[in-house]
Every structure is written in C-alpha cells, then in structure tokens.
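**Student:** Here's the letter readout for the chains.
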Amino acid sequence: MRAVKRIVFKNLKLNKKRTFGTILGITLSTMLICTVLILFFSFYHIIIASNTNSFGYYHMKVGSIHKDELETLKLNRDIKEVYPVFSIGVSELETNKKEIKKVLILSMDEDVSKHLGYKLLDGKYPETENEIVFSTHCIKDTLYNIGDTITLNINMSDFKSEEISKAVQKTYKIVGIAEYGEGRPYALVGDAKDYMAMDAYIVLKDSRNYKEVLPEIENKYCNSFCQQNEFILQMESFDFENPNIKIVFGIGSAILFIVLLMSIFSIRNAFMISITEQMKLYGMLRSVGATKRQLKKSVILEGLLLSIIGIPVGIMFGILLIYLLFFCVNIIVGEYYFENMKYLEVYLSIYPILIASLLSIINIYFSSSSAVRKVKKIVPIEVLKNSGGITSKNIKVPKWIRKYMKIGGTIAYKNLKRSKKKYRATIVSLIICVFSFILANSLIEGALESARKRFHIKDYNIFVQNIHLLNQEELKQLENLNDIHTSYKAYYSGYLYHSENKSDGYLEIYDLSKIKSNPYFSIIQDGECDPDNQGYIHCTSGHANLLIVALDNKTYQRYLKELKLDAHKMKKKGILIDLLPSCEQIESSQCERDYVYQENDIIEGIYHGEKMSFEVAKVTSTIPLGVTTHERSSKLIVALSDYPDMNLKLHSIGIDAKNPYQTYEDIMKINEKLDVYNYAKEQRRELSFFYLLQLLLYCFLFLIGGIAVINIFNTITSNVRLRQNEFAILKSIGMTQKEFHQMIVLEAIFYSVKSLIIGIGFGILGSFMVSNYILHEKFQIPYSSILISIIFIFLFVLLVMHYSLSKIGKQNIIETIRNENI
Amino acid sequence: MEILKVENLTKIYGKEENEVIALDHVSFSIEKGEFVAIVGASGSGKSTLLHLIGGVDRPTSGRVYIEGKDIYDSDDDKLAIFRRRQVGLIYQFYNLIPILNVEENITLPLDLDNHKIEKEKLEELLKLLGLENRKKHLPNELSGGQQQRTSIGRALITNPALILADEPTGNLDSKTSDEIVHLLKKANKEYKQTIIMITHNLEIASCADRIIKLEDGKVIEVK
Ligand SMILES: Nc1ncnc2c1ncn2[C@@H]1O[C@H](COP(=O)(O)OP(=O)(O)O)[C@@H](O)[C@H]1O
Ligand SMILES: [Mg+2]
Chain A
1 MRAVKRIVFK NLKLNKKRTF GTILGITLST MLICTVLILF FSFYHIIIAS NTNSFGYYHM
61 KVGSIHKDEL ETLKLNRDIK EVYPVFSIGV SELETNKKEI KKVLILSMDE DVSKHLGYKL
121 LDGKYPETEN EIVFSTHCIK DTLYNIGDTI TLNINMSDFK SEEISKAVQK TYKIVGIAEY
181 GEGRPYALVG DAKDYMAMDA YIVLKDSRNY KEVLPEIENK YCNSFCQQNE FILQMESFDF
241 ENPNIKIVFG IGSAILFIVL LMSIFSIRNA FMISITEQMK LYGMLRSVGA TKRQLKKSVI
301 LEGLLLSIIG IPVGIMFGIL LIYLLFFCVN IIVGEYYFEN MKYLEVYLSI YPILIASLLS
361 IINIYFSSSS AVRKVKKIVP IEVLKNSGGI TSKNIKVPKW IRKYMKIGGT IAYKNLKRSK
421 KKYRATIVSL IICVFSFILA NSLIEGALES ARKRFHIKDY NIFVQNIHLL NQEELKQLEN
481 LNDIHTSYKA YYSGYLYHSE NKSDGYLEIY DLSKIKSNPY FSIIQDGECD PDNQGYIHCT
541 SGHANLLIVA LDNKTYQRYL KELKLDAHKM KKKGILIDLL PSCEQIESSQ CERDYVYQEN
601 DIIEGIYHGE KMSFEVAKVT STIPLGVTTH ERSSKLIVAL SDYPDMNLKL HSIGIDAKNP
661 YQTYEDIMKI NEKLDVYNYA KEQRRELSFF YLLQLLLYCF LFLIGGIAVI NIFNTITSNV
721 RLRQNEFAIL KSIGMTQKEF HQMIVLEAIF YSVKSLIIGI GFGILGSFMV SNYILHEKFQ
781 IPYSSILISI IFIFLFVLLV MHYSLSKIGK QNIIETIRNE NI
Chain B
823 MEILKVENLT KIYGKEENEV IALDHVSFSI EKGEFVAIVG ASGSGKSTLL HLIGGVDRPT
883 SGRVYIEGKD IYDSDDDKLA IFRRRQVGLI YQFYNLIPIL NVEENITLPL DLDNHKIEKE
943 KLEELLKLLG LENRKKHLPN ELSGGQQQRT SIGRALITNP ALILADEPTG NLDSKTSDEI
1003 VHLLKKANKE YKQTIIMITH NLEIASCADR IIKLEDGKVI EVK
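So the sequence lines, in the order shown, correspond to chains A and B.
In terms of the numbering used here, the first sequence has 563 at position 563, counting the first letter as 1, and numbering is strictly consecutive.
Throughout, the numbering used here is defined as the position within the second sequence, counted from one, plus 822.
Possibly wrong hints are sitting among the right ones.
[As the list claims (entries may be wrong)] With a Cα cut of at most 25 Å, we get these calculated SDA-like pairs of lysine to any residue: (1) 406(A) / 942(B); (2) 61(A) / 264(A); (3) 374(A) / 209(A); (4) 173(A) / 148(A); (5) 403(A) / 962(B); (6) 406(A) / 901(B); (7) 80(A) / 52(A); (8) 420(A) / 957(B); (9) 280(A) / 427(A); (10) 421(A) / 962(B); (11) 738(A) / 957(B); (12) 900(B) / 61(A); (13) 377(A) / 962(B); (14) 421(A) / 957(B); (15) 406(A) / 957(B); (16) 421(A) / 964(B); (17) 900(B) / 280(A); (18) 406(A) / 904(B); (19) 958(B) / 402(A); (20) 396(A) / 745(A).
[Stated by the list, open to error] Residues from chain A that face chain B, not an exhaustive set, calculated with beta carbons under 8 Å: (21) 407; (22) 414; (23) 418; (24) 733; (25) 735; (26) 737; (27) 739; (28) 741.
[What the hints assert, rightly or not] Quick list of the computed label-pair ranges, beta carbon to beta carbon: (29) 832(B) / 749(A): 38 to 48 Å; (30) 795(A) / 966(B): 39 to 49 Å; (31) 955(B) / 749(A): 28 to 38 Å; (32) 421(A) / 966(B): 16 to 26 Å; (33) 938(B) / 783(A): 42 to 52 Å; (34) 749(A) / 938(B): 18 to 28 Å; (35) 935(B) / 312(A): 48 to 58 Å; (36) 253(A) / 966(B): 41 to 51 Å; (37) 882(B) / 795(A): 54 to 64 Å; (38) 955(B) / 761(A): 40 to 50 Å; (39) 709(A) / 966(B): 40 to 50 Å; (40) 966(B) / 312(A): 45 to 55 Å.
Because the hints were derived from the structure by calculation, they are not lab data.
If you're wondering where the values come from, they're calculated on a predicted model, not measured in any experiment.
Yeah, the Cβ is synthetic: ideal placement off N, Cα and C, and Gly gets one too.
Given the sequences, and given the hints that come with them, work out the whole structure.
**Tutor:** Below is the structure:
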C-alpha cells in the first residue's frame, strides 16, 4: 500500500499540469456553486430589504388595540417584538397652491420609527409634546420650514366612535423632516398622552408558520382591523402567491439546476481526464501486481488530496467574485440608480459556503468512485498496448468525404467512427456547454420578459391628458414640440372623468344581461340600472356606457403585437379592456369583470343615436401605450383608421421625450388645464432594477460559459496530449503539416457537428420545458442562441485545437515516439 | 549507383554541460540494392543516424544525399513529401495507427499522396507478408510479428529508395525474428530494395552485404 501511495504522490507532483487541471476543475465548480448561492441569498435579502427600507419590517399590523392588550401581546410566546404606534388625529394643511392636504399625525418612539421605515432626513426627532416632524410630502408646497411654529386643528374623532367631532387646537415647533415609503402626508410628534387610536406592529419569532400563528393572534386581538404584511410573510416562508415572484423563483431553481449540472460535469471531467492520462500508470501497477483495492484507495486518496486544496480555494474565489461583482455594479450604477437601497450589499452567511462545500465533496466522491470503476476494469495488457475502446467495425467512408476531404477527412472520419471513446469526453463537454447556454439564455430572456411586465416598463416618460380641451392653436403647439423620440396617441369618444359629468360620446349598451352582476357593486337591481351604484360602467338611464378609444396606426400596431394578434385579421374589430392587470393569473374577489363578453362575441349598442356593433378580438387587461393606466374602467380599443367618421378627439399622448424635465415644463406652459405626468424618475428606478437583474443574469451566463470553455479546453488539450504518438507516426510516414492540420480541422468539425446536433436538440427541449412549465409563455425556437452556439463552438474548438497542436508541434517527432515507447 | 551518401554528419543533443554528441562526423555511402546492417552498443548513436537518414530529425551539421539530392536543403513539408515517397521507416514498436486496419495502415503513404491503390499489387504484397487473411483486422487484434509485417508492408508499398529499419526484431521471439529478416531479404532480392537495418543480433547482421559499426557516435568499422 505504501508503495502505491508513494507513486500517487509522485505522480501528482511530476505531472504538475494535469494536477493543476484537476484542481482547477474542482475549484471552478465549487466557485460556481458558491457564487450562485451567495448571489441568491444576497438577492433574496436585497428584495426583502428594498421593501423593509420603505415600509419597515413587521409581520402584522393590529389596528386599534387597548393598552392592556398590548401588554399581553408582548408576552405571547410566538411574538418577538411589538411596536406601538399612536394615531393622534387628522389635521388639514393648506398649500400655497390653494390645495388642502390631509395630514395624519402619529407618535412613536424613535426606535420604533426606525424599525417601521421612517427616515429622518433633516433636523431631529421630536421628543416633547410640542415638537413635530413633517414628511417631505407634507411640507412640499407649503411655506413652512424647520424652526417655524405651526398651529393645527386636530380632529381626533375615532371613526368607530359615535361622537361627530372632537377637535383640539395645538401649536407645534417644526424640528425636522422625515420620509416614509410611498410618500403620503403625515407628521410625527413627540408625545402621546392623548391619542385617538393605538396600533401594534408585530414581529414574529418564526414567520414560517405564520398561517397558524397569525389567525390566532387576529382572533384574540383584532378589534377593528388587522393587516398581514403579505410580502414579507410570503418571502420568508417561501410561499408565494404572486405569480411573478413564483416565476422568479422558478427561474432561480432552473439556474441552480444548470449550475449543478455544470459543476457535476466539471468535476467529473477533471477526474476522468486525470484518470485517462494515468491509465498507463495504472495498467503498469496492475501488471506488477497491485490489487484493485490498492488502486481504488490510491484514486480516492488522490481525490481527497485535490479537494483539500480545490474546495477552500473555490469558496474563496466565489466570495471574492461576488464582492467584485457587487463592487463593480455599485460603482457603475449604484449612486445613480438605487434611490431606495443606495448600494447592493453582499449577504454573507455560512449556509451557501456549507452547501457549496458539501455539494462539491459529494460530487468529488461520486466522480472518483466512477473513476475507480474505470480503473478496476483495467486489463493491463490492453492499456499497455494502448488499444482500449477501439472497435474493428468495417466502415464505409462516404464518397464525398473521400473525394473532397482527401486523406485528412478519411482518417478523421474513421477515427470518429472506430474510436468513439476517445471523443466521448469532448463531445459530452460540448453538448453540455451548448445545452446549458441555450437553456440559460431562454431562462434569462424569460426572466427579463416577466420583469418587464412586472415593472410595467413604459415606453414613454411624459403623459399628457385632457388634450381635447385645447384649441387649435394650442394643439398645434403641442404637436410641434421637438425633443421627442416618439409619441403614442389615443382618441376618446367621451370624457366622463375628465369634464362635466356628461355621458354622451359613449357606446350605450341596452342589453343589460351583458353586464356581469357583481356582488360588490350590485349595479343591476331587478334588471334595471341601480342609480346609486354605478360601478365602473356608469350604468345610468337604462343603459351601460362603454368608452371607445381609438389609437393612431403606430400605437395600434404596437398594441396588436403586444397582444400577439394578427393585424390582417383585425379589420373593424375591437379589443375589450375589461380586467385588472394583476388579475390574469390570480383568482380573487376583486377580479370580477364588468361585462360577460368573450372573444368573438359581438358588442351591440347605440352611438350618437346610431346603431353600431363591434366584434371582440380579445378580452385583456393590457392597456395600450398612450392610454392612462390610472383609471379602472372598461374600454373598447379600435383603430382610428377603421372609424374616421366617429368624430373622436385626441385625448391623451404618451411622449418619449429626450429631456423629460424640460418637455414637462414646456407642456405645462401651453395650457394649465392639461394633465401632465412626468414618469422619468419612476422609470429610471424601475429600469435600474431591471438592468440590475439583466446584469446579474448575464454575469451568471458569463460564469457558466467560462466554466464550459475551460472544460472544453481541458478535454481537447488532454485528447491531443493522449494522441501525440499517433500524430507523430503520421508525420514520420510523411504527412505534411498542411495535411495534418486539415485532418485535425476536419476532425474538429465532425465532432463539433455531432455535439451541436445533440446539444441543440436538448437545448430546444429544455427551453420548451422552461417556457411551458416555468414561464407559462408560448414556446419559440431560440434561433439566436442556436446561431451563437454554432458559431462559437466552431471557432472555439478550432482555436483550442490550434493551440494544443502548436504546443505539441514544437516537439520533435522522434522524441514523441520515443517517449511513448519507453 | 550510389543511392545514399552521408557526409560529416554530426548530431549534438543538449547544451553545454549536458551536451551529448550522439553522432560525430560520420561519413559513408551506400549503393543501390545493398542490404546494410548497422551495429553498435546501446547508446552508440545508431537510431540517431537512422533518423537523420530518414529525414525525421535535423542534423547539427553535415549532409545527407539521397540519389544525389541534399535532403536537408528543403523545408519541412517538402521533407515530409520526400519521406512518404522515398523512405520506408520500420520501428521496433511497429507504430501503426490504432484506428486503421491492416490494409488501411499499409496503404496510408499512398493515400497521403492521393495515389490510386493497385489492387493486384496490394494483394501481392499482402501475400508476401502473409497477411491475406488479416487485412481487415485492427493492430490490437494482431500478434507482434503480424504487426511488424504490417509496418514492413507500409514501408514497401511506395517502392521507396530506402528502407530504414530500427531493430525491427528487437521485440520479437527468434522464430518470428527470422521470418521478418527473411521477408526483408526477400524484398532486397526480389525488388532490388535498398535496406539499412539496425540490429543487435550478430547472426542477423551477418546476412547483410555490409556491416557498419558505430561506437560513441563514430564509425569505427565498415565491413
Ligand atoms: N533527445 C535526446 N536528448 C538528449 N540525448 C539524447 C536524445 N536522444 C538520444 N540521446 C543520446 O544520444 C545518444 C545516442 O542515442 P541513440 O541514437 O538512441 O542510441 P542507440 O540507438 O544506438 O541506442 C545516447 O547517448 C542518448 O542518450
Ligand atoms: Mg536505438
């Protein structure tokens, strides 16, 4: 045994290159697992942090709780923290725009305010009864500032109590400005002796079983209302109801799968290369009488030795890589993009490191076990004769190969056919590389697509409505704005929301059976419109009113594309918007529709006294560009060019302006009746998250690609090393360098084609499964990634072949033959 | 007619302290149709000499003329083409291509030149080699003697000017060795094939027309 051990050690030391290759394999795969795990952990925490930063960290809000209840709540064994928040009352604040803001006045400890996401921006936190801090949203457009005193009339009537009003007047000194999540108007004061209600925010000890714990607490303590912090609860218990988050985690798991596949393969490959290159040694050991057990021990020993170096180094590099990655992201985009979080932080914990090490160890164990199996099968003489795995099949070389590719092609072809084993490692490497690339690419596309939907990324940054109120002159001004990339125009038939409450200009639907009787808004009472309950469809004087919105051609075509509708079949058809955007995948009571119309139904009604009918091409929640997303009312979308005589007026435009802030000012100047929104800031924030996701996914692709590349490199160079002898013989018989290179290139092309066919096949199958089971999208053949794989594989294989041959090319023919023969 | 002429051939391996003078100003010539044996102790430079004659290595100094032409005058590719047309190499360890069968290994030099293989000539050669029933076998399915006969076939197929054999019997038992030597002699007699063979076996060497003896890289005797 000692002899075998000594030989193993010596062998490792003598063949530094191969040993290094194996260690590199282990290091890389450990690094990959470690990086991806830390990335996931960090991202998970970043997502939670981005929410808690704005809205605080708690699991449930218990409204209007009594003082003694608060004490018992604190003693509950499932509860870790209870944060009391006092509502003092509501006051009104006048702005310099003659607007009235309703301000909620709260009081809480400074500590509690920090836990709940309130951030002091300026000044100090209120301590005494007479000190107050306003939110930025509150103080905006007012004349007040820090240091001023203010007198407020505070309405302290609890909406539950019977008292009509209980108002007090109080004078405060403004000591600071604070900010909270979504920027609603509020103020914080220092003392809470007299308050209208007390709410308790609860943090659980273990939120994973919230479905049992929270209802219990609700039953006991909920006097008026309770609200679970669903986002945090679902994130922490990995129990997602939100389909978008479900998709994100589906993608995450699929990526983990690819990483595992890649790393298993990477390690296996490294071991197999090492074993194959040592076959002669093992054969020799066998022939001098080493037992199988001894060989097995030596292989396992080797694996152990290499993993002692490889795993820690891999983990170190993994951690380093993630820090580097986040560092770069922060430098490039950090300050500009992340208003909420400012910087990406690595969330380092012991779990990813443990998991990565464990997976690598298991992986190495199985890889060396299968290497052992290979060693056990050694028939010494065969190895020494260097003849393993060749079959003497009689093969017919196709005529075209003989004719056009000459002897190089013929030998390459025979090589591939008779000595499949020799290429197996290379081909498997290539297949896995191609497969992972195509799969990862379609995952990334899918992830980005669903992110695009999730963040409702608009293609415009300025939105203008009420344009119908402009006169010709002003309209011209609006249309002549320069500094615009594109604009999306919508023409409305009526303006119920936007002008005097007149309902003409709507498609009047008299068939009330087409209206869905909604349990929440019982619009229809005894078959008639209920005048007190118009809901969103303005059911008045015996008919419902459906808004018709026409789009200009460009906007309409884009909308059809988005809905995947065929433009040729759309003549004079309408698209019915009658769903909430979030409703397509969720079934919820709030997701009732207004109408019962389905695809291909005909909507009939009266428009300006004339009978009209529209065929429904699709019922959707998707709102076209140029139409406001703020109101929830059903609309029928048509093409403007289909109905030139309906007298529709331009109502709203979505503008993609080059300089949105300037354009906003310019439009405001045209007419103050215009409703103008500037989405530039919001868009920037949403885009930043999107870009971040994109960046990380591509980094990941790069990582996988890099490891695949190293794997292929290792396999091909090892293959060339193993065949030096064969090459030398061919040269000694008189093969010229050119013929030799031709042979090698053809050989590379042959097996690249083979692996590409298989890899692309699996890749298509994989992306089919991804789009069907994870993304729930219609499957599309990933042409671009297939093309990229083909080009890349050919280029890369030829390059590596060239490199490894140039290395052995320098060696003398005779020396090579002599080395092999001794 | 003089087919080979070696002039002041010198080969030095390594540099400075590690310098090994494998061949030291070796000169001799060989007539067409001769069967020459090279003998000498192990390490005396026999293989080095043979490789330099065959053009698979380059000398430190000196010249090798084959049919009056200096073979080291040409570049690597021309040398390779010269090799496959004018030289047949036979090694101790056969050095066949493992994935090609007997027939394919033998015809390899012709294939490299895109020459049509004459069926009759191939059959005749296979018969001469005694491999008629083995032509579809791969090297690993053959005995040592059969493998060596295949490599002799590969050397003979192009009718080269020279056949160079480096201890072709070194790895074989005496009966098989006799067969191989017999085969080479037959080629020498029947095809007027010029053959240079390295051997340790004095009995085998004694069949040769001439014996060149090397010692420490120098020719010390030509018989
Ligand atoms: N590649 C090499 N590097 C250094 N020395 C070598 C090399 N090849 C051969 N030699 C030396 O050259 C001498 C001649 O070797 P060789 O021609 O193989 O001898 P022979 O075939 O007669 O046994 C020997 O001393 C050998 O050690
Ligand atoms: Mg020798």
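**Student:** Of all the hints numbered above, which does this structure not satisfy? Sort the numbers upward.
**Tutor:** Hint check: 2, 3, 5, 11, 12, 17, 28, 36, 37 fail, others pass.
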